[in-house]
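Going down the list, the sequences are from chains R and B. Residue numbers for the first sequence follow the numbering used here, beginning at 5 and rising by one. Residue numbers for the second sequence follow the numbering used here, beginning at 5 and rising by one.
Hints were generated in silico from the structure; no laboratory data involved. A couple of the hints might just be wrong.
To be verified - Simulated pairs of lysine to aspartate or glutamate, EDC-like, Cα-Cα distance not exceeding 20 Å:
(1) R:Lys-74 to B:Glu-363
(2) R:Lys-401 to B:Asp-434
(3) B:Lys-401 to R:Asp-434
(4) B:Lys-74 to R:Glu-363
Claimed, not checked - Okay, the calculated bits of chain B under chain R, using three or more residues with CB under 8 Å as the criterion:
(5) 58-68
(6) 242-254
(7) 354-360
Stated by the list, open to error - Stretch by stretch, here's where chain R covers chain B in the computed footprint (C-beta under 8 Å, at least three residues):
(8) 131-144
(9) 324-334
(10) 338-348
(11) 383-390
(12) 414-425
Where is the CB? At the ideal position from N, CA and C, for every residue including glycine.
The residues making up each chain are set out below.
2 protein chains.
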Amino acid sequence: MAFDSQSISDSLTAPQGFRAAGVWCGIKAFDPERNPDEKPPLDLSLIVSDRPGPVAGVFTANQIVAAPVKWCQERIRNGTGQAVVVNSGNANACTGAQGVTDTQAMAEATAQALGIAKTEHVLVASTGRIGHPLPMTRIHHGIAQAAKSIKNGTGQSHDAAQAIMTSDTFPKKYASEFPWSTGPVRLGGIAKGAGMIAPHMVPPPAAEPHATMLAFLTTDAVITQPALQTALEQAVRHSFNGINVDGDMSTNDSVIVLANGQAANPPIDAADSPLFPKFCRALTQLCEKLAKDIVLDGEGATRQINLRLSGARNDEEAEIAVQAVANSVLVKTSWTGGNPNWGRILAALGYSSAKVVEEKIDLAYSAPDSAVRVYSLRQGRPVHTPFEELCSVVGLKSFDLHIDLNLGPGQARLFTCDLSEEYVRFNMGDISNPESLGG
Amino acid sequence: MAFDSQSISDSLTAPQGFRAAGVWCGIKAFDPERNPDEKPPLDLSLIVSDRPGPVAGVFTANQIVAAPVKWCQERIRNGTGQAVVVNSGNANACTGAQGVTDTQAMAEATAQALGIAKTEHVLVASTGRIGHPLPMTRIHHGIAQAAKSIKNGTGQSHDAAQAIMTSDTFPKKYASEFPWSTGPVRLGGIAKGAGMIAPHMVPPPAAEPHATMLAFLTTDAVITQPALQTALEQAVRHSFNGINVDGDMSTNDSVIVLANGQAANPPIDAADSPLFPKFCRALTQLCEKLAKDIVLDGEGATRQINLRLSGARNDEEAEIAVQAVANSVLVKTSWTGGNPNWGRILAALGYSSAKVVEEKIDLAYSAPDSAVRVYSLRQGRPVHTPFEELCSVVGLKSFDLHIDLNLGPGQARLFTCDLSEEYVRFNMGDISNPESLGG
Numbered sequence: 005m006a007f008d009s010q011s012i013s014d015s016l017t018a019p020q021g022f023r024a025a026g027v028w029c030g031i032k033a034f035d036p037e038r039n040p041d042e043k044p045p046l047d048l049s050l051i052v053s054d055r056p057g058p059v060a061g062v063f064t065a066n067q068i069v070a071a072p073v074k075w076c077q078e079r080i081r082n083g084t085g086q087a088v089v090v091n092s093g094n095a096n097a098c099t100g101a102q103g104v105t106d107t108q109a110m111a112e113a114t115a116q117a118l119g120i121a122k123t124e125h126v127l128v129a130s131t132g133r134i135g136h137p138l139p140m141t142r143i144h145h146g147i148a149q150a151a152k153s154i155k156n157g158t159g160q161s162h163d164a165a166q167a168i169m170t171s172d173t174f175p176k177k178y179a180s181e182f183p184w185s186t187g188p189v190r191l192g193g194i195a196k197g198a199g200m201i202a203p204h205m206v207p208p209p210a211a212e213p214h215a216t217m218l219a220f221l222t223t224d225a226v227i228t229q230p231a232l233q234t235a236l237e238q239a240v241r242h243s244f245n246g247i248n249v250d251g252d253m254s255t256n257d258s259v260i261v262l263a264n265g266q267a268a269n270p271p272i273d274a275a276d277s278p279l280f281p282k283f284c285r286a287l288t289q290l291c292e293k294l295a296k297d298i299v300l301d302g303e304g305a306t307r308q309i310n311l312r313l314s315g316a317r318n319d320e321e322a323e324i325a326v327q328a329v330a331n332s333v334l335v336k337t338s339w340t341g342g343n344p345n346w347g348r349i350l351a352a353l354g355y356s357s358a359k360v361v362e363e364k365i366d367l368a369y370s371a372p373d374s375a376v377r378v379y380s381l382r383q384g385r386p387v388h389t390p391f392e393e394l395c396s397v398v399g400l401k402s403f404d405l406h407i408d409l410n411l412g413p414g415q416a417r418l419f420t421c422d423l424s425e426e427y428v429r430f431n432m433g434d435i436s437n438p439e440s441l442g443g
Numbered sequence: 005m006a007f008d009s010q011s012i013s014d015s016l017t018a019p020q021g022f023r024a025a026g027v028w029c030g031i032k033a034f035d036p037e038r039n040p041d042e043k044p045p046l047d048l049s050l051i052v053s054d055r056p057g058p059v060a061g062v063f064t065a066n067q068i069v070a071a072p073v074k075w076c077q078e079r080i081r082n083g084t085g086q087a088v089v090v091n092s093g094n095a096n097a098c099t100g101a102q103g104v105t106d107t108q109a110m111a112e113a114t115a116q117a118l119g120i121a122k123t124e125h126v127l128v129a130s131t132g133r134i135g136h137p138l139p140m141t142r143i144h145h146g147i148a149q150a151a152k153s154i155k156n157g158t159g160q161s162h163d164a165a166q167a168i169m170t171s172d173t174f175p176k177k178y179a180s181e182f183p184w185s186t187g188p189v190r191l192g193g194i195a196k197g198a199g200m201i202a203p204h205m206v207p208p209p210a211a212e213p214h215a216t217m218l219a220f221l222t223t224d225a226v227i228t229q230p231a232l233q234t235a236l237e238q239a240v241r242h243s244f245n246g247i248n249v250d251g252d253m254s255t256n257d258s259v260i261v262l263a264n265g266q267a268a269n270p271p272i273d274a275a276d277s278p279l280f281p282k283f284c285r286a287l288t289q290l291c292e293k294l295a296k297d298i299v300l301d302g303e304g305a306t307r308q309i310n311l312r313l314s315g316a317r318n319d320e321e322a323e324i325a326v327q328a329v330a331n332s333v334l335v336k337t338s339w340t341g342g343n344p345n346w347g348r349i350l351a352a353l354g355y356s357s358a359k360v361v362e363e364k365i366d367l368a369y370s371a372p373d374s375a376v377r378v379y380s381l382r383q384g385r386p387v388h389t390p391f392e393e394l395c396s397v398v399g400l401k402s403f404d405l406h407i408d409l410n411l412g413p414g415q416a417r418l419f420t421c422d423l424s425e426e427y428v429r430f431n432m433g434d435i436s437n438p439e440s441l442g443g
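Construct the entire structure; sequences and hints are all you get.
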C-alpha cells in the first residue's frame, strides 16, 4: 500500500531528538540482597524531547479519573509538551488531594532534573494499585536516577517500555518511518496493558464513561497541535479503542503523543497538508501494532479473536453489538474451550441494545487472513457444517469471527481474547500478599 | 410480620387441584443398560390443574426468543391456562419454523394426553442446547408417560422440579400458605437455572432486551387474570429480576403462574381486594426463595453477594450502577479470592452510565444480617480499616456489599455470586462431547 510506513528498529527514540530511560526505584517490591542474580522490576520511565513541541492526548472516559489523568487533561489544553514521567506499581487513583499534590511534585521534579523551563510541559502517568498514596521519596529518587541516565546517554527506550509494565509479560514497542522529499518522518511508541482493558478514550475533558492501558508516542514530524490531536483521535479510534480484554475500563487509560518538529518536513496541518493523510496512516499503524500486543498479552488469554460485525443499522449499533459479544463471559469461556458455540453469541446479540433480527443473522468463522469462511448460521438458521470443521477454526490460537446482521450499513471491528481459568486465578489475587492485589 | 406466609411442604401440588410429574424420555443422554444402578436424568415435566383458570407470565427481554416463549406470550394474552409442559436438554431456540411446529405439537399432545379441551390452555417451555430441533418422538413418548403417571396418581412434583434442571445441582421448590376466613390460600413453585442468568423479564410482548431461568408457579387462589399478572410482575421485579450469575440473558427465560380458584376465597382483584396485598406478598416471598436458590446454585459459584446500592440520582441509575458492579469480571474474580478490592468496584461504578462522584462514595462490607459495617471508603477516600478485618468479611461464603453514592434517593439491590475457575472450566465445554456444550 502506497501509504504504508516502514517498521524501523528502536521505539521512542527512533524519531530525532527524543531520549528515554527506565529505572527501578522501589515502587515495585524487590529485595536485591535476596535476589542478587535477578534484574530488579523497573518501575519509573522518563521520555524527553530536546525541545518543547505540540502534545496531544486522549484519556479514559471513566467518571473516576486518577490524579495524573486530570493533570494531563489540563496540560493537553495548553498544547505544548516536552517530557513524560510514568510510574508503574501505583495508579495514584482515588488518592484525593494528596494524589493531586504528588502528581504536580512528579512534574516539578522531572522539569528540574531535565532542565525543562516549564513544569506544565511535563506530562505524568501512573498505573498499578488503586487507593494508595505514591511513595514519593522513592519516586524522587527514581526521577533523579532516570534523568541522570538520560543526560549521560545511557538511557534506553527498551527500559522505558519495561518500566511501564504491570501484569504485562512482554514490553510493547515499535517505531516506523515514511519518506518525504525533506527526509524521513519518524514515529515511535511504547504501550502497556494486559487486564482491565476495555478502553474508550476521548479527548479531554472526558465526555462519557469506559482499562489501564497506557501508550506514549513520539514523532519528529513538524505538525500543528490541532492536526496532531486529530491524527491521534483517528488513530486511537481504529486501534486502542478497538480492543477489549475483560470489559473493565480503567481509571487511568492514557495515550499521549509528543512532536518536536526535528524532521523539518513542510508543516503538517489537518486542513490541507498532503502529508497529513500519510502521517495519520503511519500513526494509526503504530497504534494498531501496540494495541494488538496488548490483546496478545491479555491476562491468561489463550486465543485472540478478530471480531468483524457488519450489517448493523448504523456504526453505533455495530459497536454496541460487537461489545456485547466480546463482553459475554459465556462466549469468552466457550472460545477458551475451542467450542464454536454460536447460541451464546446469538443470545448476546439479542440482549444488546442494538437492533437484531434472528432470521437475518449470518455467522461465520475463518482462520486469520483466510478467505474461506466456515458458516455456523445463514439467516439465523444453523448451516450443516460438520462440527469438526468449526472446531478446527475455533481451536486455532487466533481466528476471525464474522457476524452480518444484514440490516444496514453499520460496521465495527474489535480485537479481543478469551477468558481462561488462568485469568480468574490471576485476578483472584493472593490476599496473603496485599501488594500483589493490583488495580 | 403480619403479611408473612408460612412455608409448607411440597411445591407445585400444595395448592388444591394441581398435579405434576417428571419423567426421562431420552432428550438427555443416558444408557440404562450401561448404568443399571443410576436413576436416569429426568427431562420432561407436566404440571396440570383440574380445571382451567387465569394464567399470567413474564418472559425474556432478549430480542432472540425461543419458539416456546413466543407460544406462551400469545397464550398469556388470552389469559386462561390449565397445564404446562416443559422439556430440558434442548432449548428449541433458533430452530425456525420447525421450532414453532414442534412447540405446537407439544401443546397438542399434552392437551390430548390430559384430556384438556383447548390446546391454547397448554403453556410450553424448553431449556438446554440452542439450535437443534427437538427429538419429537421422544418428547411424545415423554408426554404420554408423564400424563399416565399424573392420571394414576404416581406423579410427583419433586420429579417435575428435577426434570426442568440443566446445569443445576439441586432442584428448587417451595410452597407456602396464608390463612383467610374461608380457609388457607396456597402457592407452590419450582425453578431452574445456574448459568446464563441475568434475567430481565417483561410482560408479553417483550419490550426491551436481557439468562435461562424458568419458574412455574401454582396457586389455588380465586384471582382475576389482571390481578394475577400484576402480582407476578411485582413479585418478579423483587426476585428473579434482582439476581445475576454471569450477566448473560437467555433466549428462554420464563415465569408462568397458573391459578385455579379452588381455595374458594373471596375473588382477589387488584383494585380493592383486601386479599391482594397478602397474595402479592406471598407470591413475592415464594419467588424470592426460588431466585435465591438459583444464585446459590450458580455455576462454579463459591460466594454469594448481596449488593445494596443507595444514593443514586434515581432508581434506574441505581440499577445500572449495581449491574455494572455485578457484571465486572475483575470485581467477581476478586470476590472469588476473598479479596476486598474496592478499586475495581469504583472503576466499574465510574464506567457505568449512572452518575457517580468519586468524592461522595461510601463503600462497606458486612456479614449477612449483621448491623456492623466494615468500611473501605468514606466519601471516596480509603478508611484505615485493617486489611485482615475486610478479608474476614469478604472471605465469608456470603456477605453484603453496601454502596452509597450519596447523590439522591435512587436504590437498587442485586443478589449475585463470584466468578471462579470452575465456572470457566464448566462453560469451556468438552468439544469431544458436543451434547455437553449447553446453551
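What are the numbers of the hints the structure violates, in ascending order? As far as the earlier hints go, not one is violated by this structure.
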